[in-house]
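These protein sequences, in sequence, are chains A and B. Heads up: take any position in the first sequence, counting from 1, add 251, and you land on our numbering. Heads up: take any position in the second sequence, counting from 1, add 110, and you land on our numbering.
Think of the hints as simulated: they come from the structure by calculation, not from any bench. Some clues are possibly wrong.
What the hints assert, rightly or not - Chain A side only, calculated, beta carbon under 8 Å to chain B, not exhaustive:
(1) F314
(2) P316
(3) E337
(4) A347
(5) L581
As the list claims (entries may be wrong) - Restraint ranges, calculated between C-beta atoms of paired labels, are given here:
(6) A/Q433 <-> B/D762: 46 to 52 Å
(7) A/Q350 <-> B/P278: 43 to 49 Å
(8) A/E523 <-> B/P388: 42 to 48 Å
(9) A/N457 <-> B/A348: 43 to 49 Å
(10) B/G532 <-> A/R400: 28 to 34 Å
(11) A/Q350 <-> B/Q393: 27 to 33 Å
(12) A/R788 <-> B/L437: 51 to 57 Å
From the three backbone atoms N, C-alpha and C, an ideal C-beta is built for every residue, glycine too.
Each chain is listed here by its residues.
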Amino acid sequence: MPAPDPSRVVSLLSEPEDRMTAVICDDLISAEPGLCILLEDDAANGTEDRFFTSQTAFLSRAFDPPATGRVQILLRRQDALMQKEEWERGLQLLAAVLQASPEVPVELLALTEQAAQTFATRLRRPVAVLPSKGAPVADARRTVRVNEREGTICSDTAAIDIDAWNWSRLRRTVRFDLSSVQSDDLYDCCQRCNETGATTGAIGENAFLIVVPNGVGLGHLTRMLAIADELSMQAGSRIEFWCYSQGAAIIQAAGYFVHVRHTPKHLGCRVEDWHCWEVSDLVQTLRRLKPKAVVVDGSIIDMTLIEAVRDPLCAAPDIMWVRRGMWNPLANPLPLGGAQYATAVVVPGDLAQEWDTGPTAQVDPRTQGLSITRTTPPITFAIGNEALGKAEARRALRLGRFSRRKTCLVSLGGDAFDLLGGLPRQIAEAAARAKVRLIWVRSPLARVPSPHLVQDDLRSIYPLGRFLQAFDGAISAVGYNSFHELVLRTEFPLLFVPMAHQRLDNQSERARFAFENGWADWLSPEARLQTKPVLDRFFDAVNAGAVFTHRPRIENGAAEAARFLLSPSGGE
Amino acid sequence: MRTPSAAQVRSRILELCLARRTRQALDALLEWNISADESPGDWEVLARACLRQGDAETAALACTILMKAEHLHGDLAITHANRLVKQGMAGAAIRLLTAQFGDRPTNNAAKQALVRAWIEENPRVALDLFDAADDEPDLALLRVDTLRALDRLDEASSLIERLANRFPEDLRVLTRQARIEERTRNWAKAIGHWTRIMQDHPGQSTLARMKVMQLQARFELFEDAASSAAGLMWPKTADESVDLLTRIEVLQTALQSRAVRDLIIAAAAPAERGRHTPETWAQIMTMLLDSGHIGLAAWLTTQGLVFNAAAIELMQQARPLLGLSDLDLRNPAKAARITSPHVLLPALSDMARTQDNKAAADGKILLVNATLAAGGAERQFVLLVKSLLGAGLDPDRLIVALFSSADELGHGHFRVALEDLGVTIVNLQSQNASAPDLPPDYRRLLALMPRRLRADLLPLLGLCLKERPSVIHGWQDRSSIAAGLAGIMAGTPRIILTARNMQPNRRLLADGESYRGIYRMLCKAASVQMAANSEAGVRDYQAWLDLPEGTLSVLHNAIDTKAFPLLRTEPAGRGERPVRIVGVFRLAANKRPELWMRTVARLRARGRIKVQPKIVGSGPFLSEIEALKGELGLHDLVVAGNLSSAGAIYGDADILLLMSRVEGTPNVVIEAQCCGLAVAACDVGGVKEALMPGNLILPVDADPETAATLIEDWISGLDWSQQEANVLAVRNKYDVTKLADETLKLYRIDHAQVLV
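One chain only, chain A, in its complex shape (with noise of 0.2 Å):
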């Protein structure tokens, strides 16, 4: 549908990197609905209105004649980078333009009641306050202090770069503290955020922009379809996913829009050159789509993310940041730093959490920023994919209605031939002990098949949870999405092989616990060398047809992180 025509068309002209510039545009927009910003020069036709966000601003630009539209200046009192010769020379040159072009229509502006009467007094014209209108929110706003010396916002706990957070979304989730503020500009700054945070409120639309990395399997890929689906039953949200990973095609055919991306690696180019064309592009996606929020998945968020966010006229988006537990003891936790740019971190619950030992059990909150921390249930893919019945997943699978031999799953992950080494054949050669026939399942992202495969037993299937009733057991890695869509779906034998080898995912302890609980069994590292007689006692429960009835049933979190997305303040 065609955007309508604006009533109103405003080139924004600001200092590179002015904080204000985002609460300006937000503030705007907010009094005027129907009006049309633009931030660059080259976008302008002279014909418009323009609006300068400081004096120095202006300064800058008032070498050209005067634009035939309305002009405003939003007068600014002194920061702490200008020296105060600075300022005054600045206003004293402005006041000598004005001066010497009275025809020229010019209104003045400031942040503040305060700031407008000294600038009123010092320029003697009138000086009105930038306007700003909106429905009034509960303002359950956290109070933060400026360390202006140290360029820092801090909580109680945490401390974040000032510049970390585009402010209009840093005004509807803090308050000011203004005694910790030392320059005039950012008094006016605040306490201009602090009056109009719980009123102008985020100006996003009931959409949302999901950003699914490169990983190595499909478990950000599922958790993000699972919260996708969700949002769209609960809220009816508009949602695009942003994607890097090769499993795109999987989304499309969820039926969401996707903007398939690429890594730099991919591409083969250099990484600042990636990072300018990417922010770019997610700067022009996020305009057009104003999202509420921006979810991401993943160990880190990108910078690209981060600056794009920063953008005016993005409608300030949250960043949620969905981040599983169980990260390998090893990892380096700094990568957990990152939620100092997200709204919130959305922890995606882990059956075996409680044996987390890594640097995601024990989070330092210095490290946390101004986020909040949610855990959900853990969540798997279910909407619109509800398990098939036995026959229909077999027959869906091509597996025959009927079987004398049992059938048995192996999943092991996309490159698990490679990384096994002799197991696969060990599996083989077990089942063919026990007459189980074995389903491999091929990744879908997997690129090599195993030369040990018979093609006729081999599957790409997706989701798994859907077909697991077409089997009689199962020999899976125990990766997130694997782990929680067996343990919470199935109740036959399992017999869990943890990838030792994923830096940020501790598969041997979900192993181990779904063991110590009696849910599966598993072959540990340890046992890799006497495989045998584990891989012999888990054919024989299967040929069995051993059937475990105490494993955890639990509601899928995924429809509690998407209450949290769309009201993150709700349950607070």
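Please arrange chain B on chain A, whose structure you already have, making use of the hints.
Leaving out everything else, chain B in the frame of chain A:
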């Protein structure tokens, strides 16, 4: 392809030139391999056609080819030589002209071109080219330019005045008049000339307005400067818009460094950058490097806007020092925060930590000051030298280095006094700046320093490496910064930095912020000791530099008691004789002459005390003061200009009144008390410390009425006998031998070593 015949070539070239397709004609000659050796005529046809049609670029190419073939003759050679001079290739122009016209051309145009070239290369040779009979205006103007290049400004001034009488409307004469007045600091006259140019010569109005604006800013007439700048902003039409370099200059003059940054970033935007020529970007790059904005310069190189190979290489070398990754460098605002010399301080700090003692055995002491201008700090500098010699130091051990001592610029006021002391005086400007044989690390650091600092540091470092002094002592901020850095780089074992005022930001010094980082780095070095000339100055610098208490020492001023004898012996205000109030200060904003006059006017208006005012000094506010005299009814106020002897300054005065906004330890307060005057002064800097009992301290923010009331009460109760006692106390406190003792202590030289 078959090469056409000579006739075909000629007719084709003529045809293309007539069709104004000169570039195509050039391509044709190159394609056909028509050499200038064999067919100079074709190339000459092309060159002349280009010049007629204003295609200077192709003309220059054709002339260069002709020149290489030694077939560039006559007026074409002169035109090309003039172009070479403009492009900074004066040497090539000289070779071309002398080959064609000899060393002393009789052809007038050739002579002018040769003079222009020699002015750039060696103005003394240019001056030799003139004959006594050279009266033709163009040559006379060139003679003026030659004299200017030789800093012989008095001669240049009288010559241009004679020309102005003959050609009063000539723009070239007016421009030179204005520039000479600027150089000789007759700023009011310079403004007058530029204003006339602005009004009478529309083609030069932008330049003239810029000049007026810059001079007004130097006068501290900031509102006037802002009005002049406003005349270049918000033009009526796009045609009237000034170019990018002028915009930058306007904003720089108005101290709008952040707006300059924004302007450059906006101009470099992909949609805008094509509007500016490579030459413009080259000039911007030079400007950024000269002013220490190396982060922004590095960003411009990443944008592909810098074509100067040397600048690109410099930036490549600088990258490790910038502390920015390629990713960071994409962000111009972030890059712009990287400035020199700050970014170089860690490397200099390492140098200070690891440098060995490289002093020679002869124990020389190198004293550094900017100039010997007629100022209080300069007078104190001469007294310092005198005091050290008085303490027994051999004159051979003292070397005085000055950045300038040119009389024409007013920098040589105390030179004779210093020369009389028999010490070695080195004018750093005349040192060969490229002389020091420096390691590559040093050269790289120097190349990345702001131009002004580099210009100070390079010759001083050369001198340090040559003389290898045991002590280097910088006097005032500019000299202290250069002396400190030179001392660190040269391994001088003792480095003394002495401030003679309050910290630079209080005095609105343009380089204040860059000094801060350097001072902080220097003060951490074991070899460095910093001092100020008052307790207040010490506290002020320590607070500004975030240094712990006790870091700086006090090095008091001294007074030459012979030059300032007791002059006032009678109590003031007896009978009908009025109280004679003198103000001795430069007529500049910092000294608040208007407040001084309004206070005196209020004092007189209150009627209890008869006053007779006098101001000694000169400066940019003279015309304002003259105008204010009438408004305030101070018709009898004498503004005496600059006087030098104590008798002339203080002889007919009872009270010194000083109302400055910023002061260090004002010499006039010490001198006036030494001569027996009572003193009333605002409480700034080290004034309170310098005042003896019974004198008056005024609040710095006092309005004229408050100040007048306080002064009236104070004069009414003045105990003049106390002032006589004060004379002895002042002489004792500011004794010259004390200055020597304190200084030698800073040098860590005891009296036994003095005589070594």
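Hints versus structure:
Because the closest C-beta pair between A/F314 and chain B is about 5 Å apart, less than 8 Å, the hint holds. Using the Cβ-Cβ criterion of 8 Å, the hint placing A/P316 at the interface with chain B is satisfied: the shortest such distance is roughly 6 Å. At its closest, the beta carbon of A/E337 sits 5 Å from a beta carbon of chain B; the interface hint therefore holds under the 8 Å criterion. Annotation: interface hint on A/A347 holds; nearest CB of chain B at approximately 4 Å, less than 8 Å.
Annotation: A/L581 was flagged as interfacial toward chain B, and the flag is violated, the nearest CB pair being 27 Å apart, outside 8 Å. Separated by about 51 Å at the C-beta atoms, A/Q433 and B/D762 satisfy the suggested range of 46 to 52 Å. A/Q350 and B/P278 have their C-beta atoms about 34 Å apart, which leaves the hinted 43 to 49 Å range violated. In this structure, A/E523 and B/P388 break the distance hint of 42 to 48 Å, their C-beta atoms being roughly 25 Å apart.
In this structure the hint that A/N457 and B/A348 lie 43 to 49 Å apart at CB holds, the actual value being about 45 Å. Evaluation of the 28 to 34 Å hint for B/G532 and A/R400 yields a failure: the beta carbon distance comes to about 52 Å. Here the CB-CB span from A/Q350 to B/Q393 is close to 31 Å, well matched to the stated 27 to 33 Å. One distance hint, 51 to 57 Å for the beta-carbon pair A/R788 and B/L437, holds here, with the actual separation near 54 Å.
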